[in-house]
Amino acid sequence: MSKLVTEALRNQFDSTFHMAVILVDICPEKIWASSYNEVPFWQQVFHYVYYIDFWMREKYDDSEWRTMIFDDAYTTDLYAASYDGLFISKERMREYLDAIQIKTAGVFDHLNDEKLGTSVFGNNPQYTYADVIIGQIRHIMYNIGYLNGILRELGLPESDWYAYNEPEGS
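If you read the sequence shown in the numbering used here, its first letter stands for residue 117, the second for the next number, and so on.
Everything labelled a hint here was simulated from the structure, so no lab data went into it. No residue lacks a Cβ here, since even glycine has one placed at the ideal position from N, Cα and C. It cannot be assumed that every hint is accurate.
Beta-carbon label-pair distances, calculated as ranges [claimed, not checked]:
1. Ile-142 to Asp-187: 25 to 31 Å
2. His-163 to Ser-235: 23 to 29 Å
3. Ser-118 to Tyr-199: 29 to 35 Å
4. Glu-145 to Thr-234: 39 to 45 Å
5. Ser-150 to Ile-185: 22 to 28 Å
6. Ser-235 to Tyr-152: 34 to 40 Å
7. Glu-123 to Asn-153: 24 to 30 Å
Straight-line alpha carbon distances no greater than 20 Å define the calculated EDC-like cross-link-like pairs of lysine to aspartate or glutamate that follow [claimed, not checked]:
8. Lys-231 to Glu-123
9. Lys-219 to Glu-180
10. Lys-219 to Asp-177
11. Lys-175 to Asp-141
12. Lys-146 to Glu-207
13. Lys-146 to Glu-269
14. Lys-119 to Asp-229
15. Lys-119 to Glu-174
16. Lys-206 to Asp-247
17. Lys-219 to Asp-169
18. Lys-146 to Asp-187
19. Lys-175 to Asp-247
20. Lys-206 to Asp-178
21. Lys-231 to Glu-269
22. Lys-206 to Asp-187
23. Lys-119 to Asp-247
24. Lys-219 to Glu-269
25. Lys-175 to Asp-229
26. Lys-206 to Glu-145
27. Lys-219 to Glu-145
28. Lys-119 to Glu-230
29. Lys-231 to Glu-207
30. Lys-219 to Asp-200
31. Lys-119 to Asp-225
Put together the whole structure using the sequences plus the hints.
Below is the structure:
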């Protein structure tokens with residue numbers, strides 16, 4: 117079975133996911149705990165990380181798909197009525213990302229180019245494995261761009277991003 121396209125998608129997803137991890141790592145604690153445009157920074161991160169966990173899975177049945185389970189009070193709704201009393205620390209979010217990274221590696225290990233075109237929900241061609249992967253890359257990148265804008269607006273130097281993204285040995 118060919119994996120040429122699968123590996124290309126894996127490389128793009130992994131690069132995008134790496135940027136999501138870096139965003140958590142470089143965000144100052146004060147910004148992480150604060151709200152911007154009425155949404156806590158950590159909540160914006162939870163929003164897209166949760167959907168990586170939801171969509172990137174091998175089976176789309178009723179079996180458990182979550183790599184970490186948070187209280188149901190933690191919503192992905194960015195405009196929820198209240199976030200009072202809710203908070204996910206950077207350390208806990210990093211644990212979540214680490215667990216998802218292991219999970220997504222397994223998903224890609226079991227994919228091949230033929231399976232990329234397979235519908236994940238019955239016969240609905242709108243939701244193939246390829247659509248799911250590309251959709252997640254787009255969703256992650258949108259949120260990283262938005263949150264990076266907040267970090268820059270608040271003075272986080274662009275050099276912080278580069279320090280984390282430099283290839284080893286350079």
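Checked hints:
At roughly 27 Å, the beta-carbon separation of Ile-142 and Asp-187 lies within the given 25 to 31 Å, and the hint holds. Between His-163 and Ser-235 the Cβ separation comes to about 26 Å, which falls inside the hinted range of 23 to 29 Å. Between Ser-118 and Tyr-199 the CB atoms are about 46 Å apart, so this pair departs from the stated range of 29 to 35 Å. Checking the proposed 39 to 45 Å range against Glu-145 and Thr-234 shows it holds: the Cβ atoms sit about 43 Å from each other.
Range check, Ser-150 to Ile-185: about 26 Å between beta-carbon atoms, so the 22 to 28 Å window is met. Restraint check, Ser-235 to Tyr-152: a C-beta distance of roughly 38 Å satisfies the suggested window 34 to 40 Å. Between Glu-123 and Asn-153 the CB atoms are about 38 Å apart, so this pair departs from the stated range of 24 to 30 Å. For a cut-off of 20 Å, the pair hint linking Lys-231 to Glu-123 stands: about 13 Å separates their Cα positions.
Taken as a hint, the Lys-219 and Glu-180 pair is honoured in the structure, with Cα atoms around 13 Å apart against an allowance of 20 Å. Proposed proximity of Lys-219 and Asp-177 is supported: the alpha carbons are some 16 Å apart, at most 20 Å. With a C-alpha separation of about 30 Å, the suggested pairing of Lys-175 with Asp-141 is violated against the 20 Å cut-off. Proposed proximity of Lys-146 and Glu-207 is supported: the alpha carbons are some 14 Å apart, at most 20 Å.
Simply put, Lys-146 and Glu-269 have alpha-carbon atoms about 14 Å apart, close enough for the 20 Å limit, and the pair holds. With a CA separation close to 5 Å, the supplied pair Lys-119 and Asp-229 stays within the 20 Å bound. Straight-line distance between C-alpha atoms of Lys-119 and Glu-174 comes to about 16 Å, which keeps the hinted pair within the 20 Å bound. For a cut-off of 20 Å, the pair hint linking Lys-206 to Asp-247 is broken: about 30 Å separates their Cα positions.
Between Lys-219 and Asp-169, the direct Cα distance comes to roughly 8 Å. Compliance with the 20 Å bound is thereby established for this hinted pair. Taking the CA atoms of Lys-146 and Asp-187, the gap is about 24 Å. The hint is violated against a cut of 20 Å. A hinted pair counts as satisfied when its Cα atoms are at most 20 Å apart, and Lys-175 with Asp-247 qualifies at roughly 15 Å. Distance check on the hinted pair: Lys-206 and Asp-178 sit about 30 Å apart at the alpha-carbon level, beyond 20 Å; violated.
Proposed proximity of Lys-231 and Glu-269 is contradicted: the alpha carbons are some 42 Å apart, above 20 Å. Using a Cα cut-off of 20 Å, the hinted pair Lys-206 and Asp-187 holds, with the two alpha carbons roughly 17 Å apart. As the CA atoms of Lys-119 and Asp-247 are separated by approximately 16 Å, the hinted pair is consistent with the 20 Å bound. A threshold of 20 Å between alpha carbons decides the hint, and for Lys-219 with Glu-269 the separation of about 34 Å lies outside it, so the pair is violated.
Using a Cα cut-off of 20 Å, the hinted pair Lys-175 and Asp-229 holds, with the two alpha carbons roughly 17 Å apart. For a cut-off of 20 Å, the pair hint linking Lys-206 to Glu-145 stands: about 8 Å separates their Cα positions. For the hint linking Lys-219 to Glu-145, the alpha-carbon distance of about 27 Å lies beyond 20 Å, and the restraint is violated. Our distance criterion of 20 Å between C-alpha atoms is met by Lys-119 and Glu-230, whose separation comes to about 8 Å.
A distance of roughly 35 Å separates the Cα atoms of Lys-231 and Glu-207; the hinted pair therefore is violated under the 20 Å criterion. Proximity of Lys-219 to Asp-200 is assessed by CA-CA distance (about 31 Å); at most 20 Å being required, the pair is judged violated. Distance check on the hinted pair: Lys-119 and Asp-225 sit about 10 Å apart at the alpha-carbon level, within 20 Å; holds.
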